[in-house]
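There are 2 protein chains.
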Amino acid sequence: MSAGKHLSKGSTIPELPDDGMLRLYSMRFCPYSHRVHLVLDAKKIPYHAIFIDVSDKPEWLTDLNPLGKVPALQLVKETGQPALVESLIISEYLDEKYPENRLFPKDPLKKAQDKILIERFNPVIGAMYKMFVSPEVVPGAITNLSTGLDIFEDELQKRGSAYFGGDKPGMLDYMIWPWCERSEMLKCLLGNKYEMDKERFNNLLKWRDLMIEDEAVKCFYLDGETHAKFMKTRREGNPNYNMLVNPSKRQRTC
Amino acid sequence: MSAGKHLSKGSTIPELPDDGMLRLYSMRFCPYSHRVHLVLDAKKIPYHAIFIDVSDKPEWLTDLNPLGKVPALQLVKETGQPALVESLIISEYLDEKYPENRLFPKDPLKKAQDKILIERFNPVIGAMYKMFVSPEVVPGAITNLSTGLDIFEDELQKRGSAYFGGDKPGMLDYMIWPWCERSEMLKCLLGNKYEMDKERFNNLLKWRDLMIEDEAVKCFYLDGETHAKFMKTRREGNPNYNMLVNPSKRQRTC
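Taken in sequence, the protein lines are chains A and B.
For the first sequence, full-length UniProt numbering assigns the number 1 to the initial residue and increments by one for each residue that follows.
For the second sequence, full-length UniProt numbering assigns the number 1 to the initial residue and increments by one for each residue that follows.
Simulated from the structure, these hints should not be mistaken for laboratory data.
Check each hint, because a few of them may be wrong.
The list treats identical chains as one, so a pair stands whether inside a single copy or across any two.
Said to hold, decoys possible - Derived lysine-lysine pairs resembling BS3-like cross-links, with alpha carbons at most 27 Å apart:
| no. | residue 1 | residue 2 |
| --- | --- | --- |
| 1 | 106 | 69 |
| 2 | 198 | 106 |
| 3 | 158 | 69 |
| 4 | 158 | 97 |
| 5 | 106 | 43 |
| 6 | 44 | 110 |
| 7 | 198 | 187 |
Given these sequences and hints, build the entire structure.
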């Protein structure tokens with residue numbers, strides 16, 4: 001999936017068929033929106049994606065989605081066509097409402113433990129974010145990133161399965177994937193200053209290779225070079241959301 | 001419920017009967033721990049509360065609860081006696097594991113909407129926290145608090161019920177209650193500088209009066225004067241966690 005044009009202030013509201021399909025307000029490079037795309041694709045739930053210029057939001061957005069946030073999932077078949085926000089809340093809603101290919105474990109304890117791990121991924125997100133947006137290597141960020149990832153390497157080792165979800169990706173796999181996919185851009189952004197230690201992250205690197213082949217991941221996958229290209233426009237203060245509207249040929253690795 | 005002594009560094013691990021009961025690591029004045037006490041009490045789940053001096057944690061804490069966080073719920077009947085952390089994750093786990101007196105709505109949409117409201121309470125928590133810990137009135141904090149509470153006043157009006165959960169308190173009621181209970185201490189801390197507008201918050205004030213009479217709320221209730229007394233010790237840099245171990249007679253309002 002590439003991306004439609006990101007709609008901005010002054011745009012007209014997109015005309016969508018009255019087909020009752022879910023509507024996801026998204027931004028093509030937003031990792032939190034990415035989570036919801038993954039869940040929808042993993043469950044094969046059809047939906048319309050409406051891409052939003054988050055730096056210059058359309059006026060009509062708050063009529064459909066009062067908080068004006070992205071990601072937001074509008075439920076057009078429900079009374080009042082409510083919109084849900086927050087990637088984790090939307091993802092858990094989808095898992096409860098559409099039980100096909102259940103992503104969270106059924107067991108309340110295992111589910112709670114996976115949720116705690118999703119929370120414990122936040123320091124990894126924080127460290128990566130610093131490395132993505134800063135043109136210089138932020139002191140301590142690589143150490144923080146590696147320490148954060150150790151928890152996930154150990155967990156995968158402990159579980160002894162290919163994925164956190166077992167023999168197929170589950171909610172934990174999909175909730176952390178957007179940042180793992182984006183970690184590939186560090187090679188482009190930092191040159192040789194960052195490479196994942198193949199021994200220290202043996203399980204996680206095998207997991208990453210498998211995840212890239214997952215059908216849901218493939219639907220929304222972008223290579224490190226493309227993510228880096230967007231990030232460079234963002235670092236320059238002029239994020240090019242529409243970079244993929246007429247995509248040029250892209251390499252998978254950079 | 002008052003409180004046992006808060007255990008600190010150098011303390012011995014408390015001897016608890018091998019009765020399979022849940023063990024909640026808590027701090028008597030921590031609003032996040034308060035959430036879990038409320039859920040346990042609302043569901044009438046028996047548990048042991050172990051109070052922790054969070055400024056000087058016991059060495060043995062991380063053996064039982066590797067993250068050393070409070071609140072933590074240790075499940076002694078489960079293999080490996082795992083401990084869950086994060087008040088919202090623990091509360092949802094309890095609601096799934098112990099379906100008696102279900103607190104979240106069964107409907108996935110209504111449940112997601114209540115979770116979004118719990119998230120939307122965070123600015124209220126932020127504004128209150130500033131007012132609790134600062135000896136001076138922080139500019140803008142009263143406005144931010146009132147604007148944040150407007151959402152909940154409107155929601156209660158829209159739902160047309162006594163509680164957010166309907167005719168009895170539900171998860172949303174209990175998740176926001178710890179800060180609503182503590183709002184009473186603002187009168188003591190700020191003198192006449194803060195009083196909730198009776199017209200603007202008509203529904204919320206009625207709700208508060210009802211909540212104070214709820215059985216689960218009563219189990220762990222402290223009046224505004226007591227909360228303020230603890231907060232003053234905290235402001236002075238020497239929080240008196242054990243203030244209630246030999247409680248003196250307390251007034252309900254100050």
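Against the structure, the hints:
Proximity of residue 106 and residue 69 under a CA criterion of 27 Å is satisfied inter-copy only: 26 Å between copies versus 30 Å inside one chain copy. For a Cα distance limit of 27 Å, the shortest separation of residue 198 from residue 106 qualifies neither inside one copy, at 33 Å, nor across copies, at 45 Å. Proximity of residue 158 to residue 69 under the C-alpha cut-off of 27 Å is restricted to the inter-copy arrangement: shortest distance 22 Å between copies versus 37 Å within a copy. In this homomeric assembly, residue 158 and residue 97 come within 27 Å of each other (Cα to Cα) only across copies, at 25 Å, whereas the closest approach inside a single copy is 31 Å.
Taking identical chains as interchangeable, the C-alpha atoms of residue 106 and residue 43 lie at most 27 Å apart whether they share a chain (16 Å) or sit on different chains (21 Å). Taking the shortest Cα distances, residue 44 and residue 110 sit within 27 Å of each other both inside one copy (24 Å) and across copies (23 Å). Taking CA atoms no more than 27 Å apart as the test, residue 198 paired with residue 187 passes inside one copy only; the shortest distance there is 15 Å, against 59 Å between copies.
Hint 2 alone, counting from the list given before, is not met by this structure.
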